[in-house]
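Per numbering that gives the first Met the number 0, residue 0 is the first one in the sequence shown, and the count goes up by one each step.
Hints were generated in silico from the structure; no laboratory data involved. Take the hints with a grain of salt, since some may be wrong.
Computed beta-carbon distance windows for the label pairs [what the hints assert, rightly or not]: (1) P22 <-> A162: 26 to 34 Å; (2) R29 <-> A366: 45 to 53 Å; (3) G88 <-> D232: 37 to 45 Å; (4) A191 <-> R341: 37 to 45 Å; (5) A366 <-> P169: 19 to 27 Å; (6) R220 <-> R29: 32 to 40 Å; (7) A41 <-> K338: 52 to 60 Å; (8) A366 <-> L216: 16 to 24 Å; (9) K353 <-> D232: 39 to 47 Å; (10) T213 <-> A27: 25 to 33 Å; (11) H194 <-> R341: 40 to 48 Å; (12) S318 <-> Y261: 27 to 35 Å.
Just so you know, even glycine gets a beta-carbon here, dropped at the ideal spot from N, CA and C.
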Amino acid sequence: MNPIDTIHDRLAAVAADFRAGLPERLAALRRQAEIALRTPAAREDHRLYGLLHSLAGTAGTLGQHSVAAAAQALAERVEAWVDDPPSPGGREAIAEAIARLDTEGLWVDVVPASGAAPSGFEGAGARIAVIDDDPCFSQALAALLEPRGYQIACYHRPAEFEAARRHDPPPELLLLDLDFPEGPIAGAETVATLHAQGMPRVAVVCISRHDDMTARLAAHRAGAGHYLVKPVDAERLGALVDELVGHGAAPLRVLLVDNDRYALHAHQAMLESAGIDVLPCHEPMDVLAMAREHRPDVTVLDVYMPEVSGLEAAAVLRSDESLAWMPIIFLSAEPDARKRSRALAYGGDQFLVKPVAPAEFREAVVARGHRARVLKRMMPPARSRPAPFE
Numbered sequence: 000m001n002p003i004d005t006i007h008d009r010l011a012a013v014a015a016d017f018r019a020g021l022p023e024r025l026a027a028l029r030r031q032a033e034i035a036l037r038t039p040a041a042r043e044d045h046r047l048y049g050l051l052h053s054l055a056g057t058a059g060t061l062g063q064h065s066v067a068a069a070a071q072a073l074a075e076r077v078e079a080w081v082d083d084p085p086s087p088g089g090r091e092a093i094a095e096a097i098a099r100l101d102t103e104g105l106w107v108d109v110v111p112a113s114g115a116a117p118s119g120f121e122g123a124g125a126r127i128a129v130i131d132d133d134p135c136f137s138q139a140l141a142a143l144l145e146p147r148g149y150q151i152a153c154y155h156r157p158a159e160f161e162a163a164r165r166h167d168p169p170p171e172l173l174l175l176d177l178d179f180p181e182g183p184i185a186g187a188e189t190v191a192t193l194h195a196q197g198m199p200r201v202a203v204v205c206i207s208r209h210d211d212m213t214a215r216l217a218a219h220r221a222g223a224g225h226y227l228v229k230p231v232d233a234e235r236l237g238a239l240v241d242e243l244v245g246h247g248a249a250p251l252r253v254l255l256v257d258n259d260r261y262a263l264h265a266h267q268a269m270l271e272s273a274g275i276d277v278l279p280c281h282e283p284m285d286v287l288a289m290a291r292e293h294r295p296d297v298t299v300l301d302v303y304m305p306e307v308s309g310l311e312a313a314a315v316l317r318s319d320e321s322l323a324w325m326p327i328i329f330l331s332a333e334p335d336a337r338k339r340s341r342a343l344a345y346g347g348d349q350f351l352v353k354p355v356a357p358a359e360f361r362e363a364v365v366a367r368g369h370r371a372r373v374l375k376r377m378m379p380p381a382r383s384r385p386a387p388f389e
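Work out the full structure: start from the sequences and follow the hints.
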C-alpha cells in the first residue's frame with residue numbers, strides 16, 4: 000500500500016474515533032464549567048481552559064474545523080480571565096455556551112475506530128516521544144509518523160516521560176505540548192529539568208495552542224528549536240520530522256560562484272567536508288539558470304568578477320520571485336566596511352571577508368541553509384491564479 004494512503008487511512012480512523020468520543024469530552028467540559036461557576040478560582044479556570052485548549056487543537060489537526068473554532072472561541076474567553084476576572088454573569092455565559100455545544104450540529108457520531116497511542120518504542124526507525132495529554136492528538140501524530148518508518152512512544156503526562164527515561168532508550172526527537180494540568184508551561188519545565196539532570200540533548204519541537212511570548216520563551220529555554228501552533232498541518236509536520244531525524248534527509252545544497260577556479264575549489268572543499276552538496280559555477284552568466292534548475296538552499300557569490308559582478312548577479316536573482324526565499328552570501332576580500340554594507344542592498348543576506356576561516360564559512364552556510372528550508376516549508380501551497388495577461 001502507498002505510504003500516503005496508509006497515513007490518510009490512519010488519520011481518518013483517528014478522526015472517527017475522535018468524533019465518537021466527543022459526547023464524553025463534552026460532558027467533561029460541562030462538568031468543569033459547572034465547577035468553575037460554583038467555585039470561582041484560578042485553578043478551576045485553568046482546568047476549564049485546558050479542556051477547551053485540548054479540544055480545539057486536536058479537532059483542528061484532525062480536520063474537524065467547526066469543532067475547533069467553537070472550542071477556540073470559548074478558550075480565548077476563558078484565557079482572558081487571567082488578567083480580567085469575569086463577573087458572575089460572565090461565568091454563567093460561558094457555562095451556558097458550553098452546555099449548548101452539542102445542540103449546534105457540530106458533532107457527528109460514528110462507529111469508533113480501534114487503536115491506541117503506542118506506549119513504547121518498537122521498530123528500527125528514529126525514536127520519537129510524544130508528550131501530550133490528549134490521547135486523540137497523540138494517536139493522530141502516531142498515525143502520521145509511523146508509516147514514515149518512525150518509532151513512536153506516547154506519554155500522557157510529563158511525569159510519565161520522566162519515569163520512562165529510567166529504563167527506555169532516549170528518544171531522538173521530542174514532540175512536546177506545553178500546557179498540562181500541572182501548569183501552562185509544565186511540559187517545557189519538565190524537559191528543562193531532565194536536561195539539567197543529564198538527559199542527552201535531543202531535537203525538541205513544541206506543539207501548543209499558545210502563541211504568545213511566554214510560551215515561546217519557555218519552549219526556547221527547554222531547548223526547542225521549532226514551535227508549531229495547533230492545529231498542526233500534517234504535511235508540514237511530517238516534512239519537519241523528516242528533516243530533523245529522517246535518515247534520508249537530503250544534505251544542504253549550495254550554489255558556489257567564483258570565476259577564480261582555485262578559490263572555487265578551495266571553498267568547495269571546505270563545504271563538502273561538512274557533507275554539503277556543492278554546485279560549482281565559474282561562469283556568473285550561468286547563475287540564474289543553475290539556481291532555477293537546482294533550487295539551492297544557499298547561493299554564495301564572489302563580488303569582483305569580470306563580465307558580471309556578484310552584486311549584479313544577486314540583483315538578477317532577487318528579481319525572480321520564485322527565488323525570493325533563497326539566501327545569498329557575498330564572499331570577497333573587500334576591506335572597506337562601508338562598501339560591504341552597501342553591497343547588502345543588492346539582495347545579499349551576509350558578507351564574509353576572504354580569507355574566511357573554514358569553520359566560519361561552514362557555520363554561516365549551514366545556518367542560512369537551514370533557515371531557508373524552514374521558510375520554504377512555511378510557504379503556502381501554490382493556488383490557482385487568474386490567467387496571465389500580456
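Verification of the hints:
Remark: the range hint 26 to 34 Å for P22 to A162 is upheld by a beta-carbon distance near 32 Å. At roughly 50 Å, the beta carbons of R29 and A366 sit within the given window of 45 to 53 Å. Remark: the range hint 37 to 45 Å for G88 to D232 is upheld by a beta-carbon distance near 38 Å. Look at A191 against R341: about 43 Å separates their beta carbons, and that is inside 37 to 45 Å.
Taking the beta carbon of each, A366 and P169 are about 26 Å apart, inside 19 to 27 Å as hinted. One distance hint, 32 to 40 Å for the beta-carbon pair R220 and R29, holds here, with the actual separation near 36 Å. For A41 paired with K338, a C-beta distance near 58 Å keeps the hint of 52 to 60 Å intact. Checked against the given bound of 16 to 24 Å, the beta carbons of A366 and L216, roughly 21 Å apart, stay inside it.
For the pair K353 and D232, the supplied restraint of 39 to 47 Å holds, since their beta-carbon distance comes to about 42 Å. In this structure, T213 and A27 meet the distance hint of 25 to 33 Å, their C-beta atoms being roughly 26 Å apart. Evaluation of the 40 to 48 Å hint for H194 and R341 yields a pass: the beta carbon distance comes to about 43 Å. Remark: the range hint 27 to 35 Å for S318 to Y261 is upheld by a beta-carbon distance near 31 Å.
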